[in-house]
Amino acid sequence: MTYLSKSGLGGLLAAGTLALATALPMKAQAETTYNLALLSDFSGPYADIMPILASSREVVFDWWNATSGKELGVKLNYKNYETRYDAAQVASLWPGIKSELAPIAVVGLGGPDVAALSERLPEDKIPMFMATAAYGFAWQPDSWIFNPRPTYSHEAAGFLAWMREQRGGDEPIKFAVLSSEASPAYVDMGKGLEVYAEEHPEAADLVEVIYTDVQPTDLTAQMRRVARSGAEAVIIQTNTSIVVAAKRGLQANGADIPIMMSSHNGLPASGKALGGLAQLEGDFEAYGMVIAADEDTEARQFYQTLVSDYGLKAPWNVVTAMGISQALYTVAVIEHAIEENGAEGLTGELVREALFAKPITSEETHGFLPSLTFTPEAPFPLKGLKVNVGTVKDGKITIAATGVDVPDLSKW
Amino acid sequence: MVYFINDIITGALIGLLYALVAMGFVVIYRASKVFNFAQGELVIIGGFIVWFTTMQLGLSLWLSIPLSLVLAGLVGYLIERIFLTKLIGESVFSMVMVTVGLLILLRGVVLLLFGASVRPFPIIFPLKPLLLGDMLIPMNLLIGGIITIVAAVGLSWFFNWTRSGLRMTAVAEDHVVAASMGISVKGSIAFAWILGAILSTIGAMIFLSGKSLTFLASDIGFAALPVALFAGLESIGGLVLAGIIIGVIQSLTTNYLDPIIGGSLGSVVPYIIMLAILLIRPTGLFGWRTIERV
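Protein sequence lines correspond, in order, to chains A and B.
Mapping of the first sequence onto the numbering used here: position 46 corresponds to residue 46, and the numbering continues sequentially without gaps.
Mapping of the second sequence onto the numbering used here: position 25 corresponds to residue 25, and the numbering continues sequentially without gaps.
Bear in mind the hints are in silico, worked out from the structure with no lab data behind them.
Positions of the beta carbon are idealized from the N, C-alpha and C atoms, including for glycine.
Keep in mind that the hints are not guaranteed to be accurate.
[Said to hold, decoys possible] Sample of chain B residues lacking proximity to chain A, with all beta carbon distances greater than 10 angstroms (derived):
{"no.": "1", "residue": "Asn6"}
{"no.": "2", "residue": "Ala12"}
{"no.": "3", "residue": "Leu111"}
{"no.": "4", "residue": "Gly182"}
{"no.": "5", "residue": "Ile280"}
[Said to hold, decoys possible] Negatives, chain B to chain A, calculated, CB over 10 angstroms:
{"no.": "6", "residue": "Thr10"}
{"no.": "7", "residue": "Ile14"}
{"no.": "8", "residue": "Ser91"}
{"no.": "9", "residue": "Phe93"}
{"no.": "10", "residue": "Val100"}
{"no.": "11", "residue": "Gly101"}
{"no.": "12", "residue": "Leu127"}
{"no.": "13", "residue": "Leu141"}
{"no.": "14", "residue": "Ile143"}
{"no.": "15", "residue": "Ala178"}
{"no.": "16", "residue": "Tyr271"}
[Unchecked claim] Examples of chain A residues lying across from chain B (beta carbon under 7 angstroms, computed):
{"no.": "17", "residue": "Glu181"}
{"no.": "18", "residue": "Val244"}
{"no.": "19", "residue": "Ala252"}
If we strip away everything but chain B, and leave its shape as in the complex, we get:
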């Protein structure tokens, strides 16, 4: 029974990591209605920035982490300025296609700048797990889970209760209308990309702490996709619940079903849930239902 509970807790914490990465999707979507297919690549860029400042420049973690977050924000800002700002007012589809192009471009840039070698990622969180009796909880996931909840609460408050957050929501509704109301569309979208890049970098630190860094790590972006769609692309608070549900189901499947069937059902099950929810409730659990009058 102890192990069963432990598997549930570990699954929930992994789900919260997915939720943190998915927050990058949601933040950008809420500010621009653009689904960023390059979210996994932002995780990689963030990971390489952390690796570069820590392992190459030799800075202490206390210095390299804030510096990495600033640099990641700068990357997010540059991406928006170079590739997306000129598309404001154009169809959302064009912007989404740009993110598909970004996915390929960022992968290429990583290969060009850093090469394809597998690198040791710095140990940011303690490797020693937290022991609670017979239960064992990985520290990186535990701290990551706490960060996710704090980030979700903070961002929910920001989007729902601050003028800046509400302005970003208005921008997502319609760029032209928002601009005609005096809202800085460019500023809102740029801020969302900065935030998305910073969240991805925090996700990279939790995901990769003490492990290895290659561009394969961008797969975490795909792992976070079911969480984002399950929660609904507008709901930040919903991500926490969706992440926990998907993480727990995945953990139980991996630990109890996979050994029986001898397969990797655990890595497929989040996508099965995603497809099921898209069939039953296309807006996700907490997504906004829009009424269109014709």
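The following block holds chain A by itself, in its conformation from the complex:
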């Protein structure tokens, strides 16, 4: 057995201390931290889906920090802010968020965030990344707010074009839209489809846009009118309560007209509100994002990784897919910015520049989104727009079509 002398022990300690002292600054330099502000609605109209959406996007940031971020020497911190899906609340919170976090990007939720921050973000030079489809009223050049998906009207137009192709024949497809004046975003959905029908009379015939309350009393009369008009599809991209009331109205009239929903009010949410997916047999959901169906896809495999390795507890559904896809394209843009500018000194402005500099490939988002090419002309990609279509078959959500082309649509 060997014993160290006092002086030897002292020397060893000194050497160890020196080594630790030199290593510590190196470690600190190796990890640059940036902040992200996450806008959330845990107590407003989307409170039912928020826990799933929030955990889905947070886990992607954790995954990125543990993988790409570690390699690049960057850590993304994030903090949720409760907005109650209220533009006034967002506007009042924003100065505090800015001074507290100094975020390089905002991860937004919906229309109220856009309404409250569209004028402020260009001044503050901080980009905001959304999960939802875009809105016609926000279709402006030089935006600081971005959507990975085109407008809701684009997505519905893609679905209608696909449905017409499935039906066959030269006749335009007759459709009705159910919307509500409770929110500018809801009105926008109807307006965009009016433009689509005007511009493509050979392809689409809009029989009526029906505006109703967000919790309608009864839609039997309205659905009878829709059935009488010979409509082949009803487009509802507002909320689940309107889907439920419309379905009951159609059932009361003995009319079997398929309803097309969007992601936030899609088949799982509306099916649950109706008492089971079987109620929506033959109905559709369509959007420019992966369909959370039972099929084994690249996106589903990535979700499984998040579940098994990063503790994600959210179920495999459209809300989870929205949260994951939103966070994935956000980190992809930040990664592009780091590759271009280095890990130090990243700003919101540099992140925005990186968005236009290089496309975000479908591989980078693990198949959750199609390849996205942003330009300063619009807050969403204008070219190569695609939608996926899901349906209920034998009581289960299945993929009806992927990569459906979206028709051109002029700005409204």
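Chain B: place on chain A using the hints.
Chain B alone, transformed into the frame defined by chain A:
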């Protein structure tokens, strides 16, 4: 023409549903002179009680409906005991402000207890509509309309012809004077809140049967407001007529004007009527005119 008549009938039935919810406003107002801003939230509480007893406890409708009405009455009683009983004798304004606070509190309680998920509401009335030739009448609204008329007749009789009803009216006039005459002010106001909560629960069953339940359903309280103010806050019988008028105008606007102008005038028109009537006759069509001598 058939469709036009059908739209009138459907509108009248929806108006009667508004009248039923508005009856909750009027019952509480007639007993305490308090305008309950939380009426829509009472509808939600009633809806959740029905949902809980039916979908969660799995009770049959025959058992869950009477149980829900009893539980709703208990909620109304507790609200009065906890929040309002101590304000008896204070200004009516204080009590009204408490109902504004109740609106926020009850919303929070619903979120806390049940969460924000959209839930399927049980099918209480048949989904299949009544077919009369080419006319189609939703069964929930038809049965709801009958319930509203029966409730209006019963409550009118109660308030105008029974000693208990007249006592409640005296309480509404002045708490202190009523108490000095030996009338139980606390008892009268508590009874009004029990009745208001029960009526709201019946309204929830008609409104939500076979649809979905979220706290957004409290908006029906606002939809009933024009009916209550149009009729006059003291008139139960007047609610039926006011409900039918507003429901028919709303239905015709929704079905014939909205498709032309491409807007939701139908949801605004009841409030336009309400504002017009407040300008022309502030007490409503059948409200009491009070003469104050200075």
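Hints, verified against the model:
no., hint, result
1, Asn6, "violated (7 angstroms)"
2, Ala12, "holds (12 angstroms)"
3, Leu111, "violated (6 angstroms)"
4, Gly182, "holds (44 angstroms)"
5, Ile280, "holds (27 angstroms)"
6, Thr10, "violated (5 angstroms)"
7, Ile14, "violated (5 angstroms)"
8, Ser91, "holds (31 angstroms)"
9, Phe93, "holds (26 angstroms)"
10, Val100, "holds (18 angstroms)"
11, Gly101, "holds (17 angstroms)"
12, Leu127, "violated (6 angstroms)"
13, Leu141, "violated (6 angstroms)"
14, Ile143, "holds (13 angstroms)"
15, Ala178, "holds (38 angstroms)"
16, Tyr271, "holds (13 angstroms)"
17, Glu181, "holds (4 angstroms)"
18, Val244, "holds (4 angstroms)"
19, Ala252, "holds (5 angstroms)"
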